[in-house]
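Q: Please model the complete structure; the sequences and the hints are all you need to start from.
Counting in the working numbering, the final residue of the sequence shown is number 245, and the numbers go up one at a time with none missing.
The set of hints was computed from the structure by calculation and includes no laboratory data. Hints may be right or wrong, so weigh each one.
[Unchecked claim] Straight-line Cα separation of at most 20 angstroms, DMTMM-like style, residue types lysine to aspartate or glutamate; simulated pairs:
id: 1; residue 1: 59; residue 2: 164
id: 2; residue 1: 143; residue 2: 132
id: 3; residue 1: 189; residue 2: 9
id: 4; residue 1: 189; residue 2: 13
id: 5; residue 1: 170; residue 2: 197
id: 6; residue 1: 17; residue 2: 197
id: 7; residue 1: 143; residue 2: 164
[What the hints assert, rightly or not] Listed next, with one range per pair, are the computed distances between beta-carbon atoms:
id: 8; residue 1: 214; residue 2: 147; range: 47 to 55 angstroms
id: 9; residue 1: 85; residue 2: 64; range: 20 to 28 angstroms
id: 10; residue 1: 142; residue 2: 193; range: 51 to 59 angstroms
C-beta: ideal position from N, C-alpha, C; glycine also.
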Amino acid sequence: MSLDFALEALNKILAVLPTTLMLFIFSVLLGLVFALIVLWMRMSDNRLLVGLAKAYIFTFRGTPLLIQMFLIFYGLAQFQFMKESWFWLVLKNRFASAVFVMALCTAAYQAEILRGGLLAVSAKEIEAARAIGMSGVKLLYRIIAPIALRQALPAYSTEVILTLKSTSLAGLIGVVEMTGIAQKIGRQALLDVPVLALAGVIYLVLSYGIIFLLGLAERKLSPHLRFMPPSAQTPRTIVG
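A: The following block contains the structure:
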C-alpha cells in the first residue's frame, strides 16, 4: 500500500468520523436514559416492574446486537401497523434506528452496572449521613451518588468502549460509518487488511481518549485515592 493511497483512504475514513461519533454519543446518552428507567424498575418493590426489568435485561444482554438490529430495523418494518405509527419516523431512518437499537442494548448493561454501584453503598454510610441530618436529595447527592458512581465507573468505562466499537455494526443496516467505508475502500483496491487496520487505529485513538476522560472523572470522584498505590485503588467487586 503506497503512502498516497494510505493518505487518501485515511481522509475518506475520517470524513465519516463525525457520523461514528454522533452514533456513539447519542447511543450512550439515550442508553443512559433508558438505563435509569430500567434501574428504577429493577430496584422497585413492585414485582411486576422488577420482572419486566429482569426480562428486558436478560433479553438484550443474552442476544447479539447484530440480531437485535436486524429484527428491529428489518423485522418491525414488515408490520403495517408499525408503518402507520409514530415509531415509523424512527424505523425509516437508518441512523435513528441504529441509535435506538444500540441504546436499548447498552441500557441493559448500564442498568446492571449502576445497580451494582448502588449496592456498593453500605447501610452504615447511609445511617451515618442520616445521623448528621442528611436526607432526601442531599443524601443522594452527597453520599449515595458519589459512592455509587465511583464503584460503577470502571465497569461503565468498559461498556462505553464496547458501545464505541459496536458502532461498526451500524454499517450493516446502511449507516455510512468508518468500518463500512474502510471495507468499501479495501474491497475496491484489494487491500482489505491495511485499510481496516487504518480504521482500527482510529478506533484505538478514540478508545484511549474516552478512557483518559473517564479516568479523569474517576480521579475527580476519588480524590482520597490519588496518592495511594494502584493495588489499593481497585474498587471492590459487587456480585448480584
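Q: Does each hint fit the structure? Answer for all of them.
A: For each hint, the structure was consulted:
1. 59 to 164: holds, 19 angstroms
2. 143 to 132: holds, 14 angstroms
3. 189 to 9: Holds, at roughly 18 angstroms.
4. 189 to 13: holds, 13 angstroms
5. 170 to 197: holds, 18 angstroms
6. 17 to 197: holds, 15 angstroms
7. 143 to 164: violated, 29 angstroms
8. 214 to 147: 47 to 55 angstroms: violated, 30 angstroms
9. 85 to 64: 20 to 28 angstroms: About 25 angstroms separates the Cβ atoms of residue 85 and residue 64, which means 20 to 28 angstroms holds.
10. 142 to 193: 51 to 59 angstroms: holds, 58 angstroms
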